Amino acid sequence: MARLATHAESGETPMLERTRFREALPRDAADQAEVFHHAVMEGASSRYTLSQREAWSAALPRTAEAWMARQTLYPTLVAECDGHCVGFCERDANDGRIETLYVWPAITRQGVGSRLLELSLEALLAAGHARVLIDASLMLAPALEARGWTRLAEETVERFGESLPRVRLAFDRA
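Number 778 marks the last residue of the sequence shown (my numbering); no jumps.
By construction, these hints were calculated from the structure, which means they are not laboratory data. As the structure is a computational prediction, the values presented were derived from the model and not from experiment. Hints are supplied without guarantee of correctness; some may be wrong.
Distance ranges between label pairs, derived from CB positions [to be verified]:
no.: 1; residue 1: P769; residue 2: D699; range: 21 to 27 Å
no.: 2; residue 1: D776; residue 2: P665; range: 33 to 39 Å
no.: 3; residue 1: E669; residue 2: R622; range: 27 to 33 Å
no.: 4; residue 1: R626; residue 2: T754; range: 28 to 34 Å
Even for Gly, the Cβ is constructed at its ideal location relative to N, Cα and C.
Let's have the full structure, built from the sequences with the hints guiding it.
Written out as structure tokens, the structure is:
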């Protein structure tokens, strides 16, 4: 995937206005693999060590086939800009969970992740879930808490011998 210019660099319309949100298609899978890899390796660098990020990134193959398989397991909303998936949010419709939320690092803090989460949360609540859960990274958890999510627990998961801290949060229907 080509490097995406930030709004400040491009002088163009803000990213959110140029982004279309839709359900994932098989053609998005290769971009999803790249978004995941770069979001973990670059986007999480301030809160996780290199060895933690390498283990986290290796937990899911960097192949289109792996991400196409995930699309069959989890309804996936993608953010598309300039013909590419630049972010995505997987949801577990059976359990009322946000499974993953990743955005290309160069466009974080421009509303794309917030909109992906908002639309996915709406879908889960509309499906009858009174509570939606997420296991959030140390990068994401503070932003979710600021938006009304409740911290339930802190936990550590192991990936390839590395311990990765994360935070379990819940959003309760008002």
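Against which earlier hints does the structure fall short, listed by number upward? Checked against the structure, no hint fails, so every one of them is satisfied.
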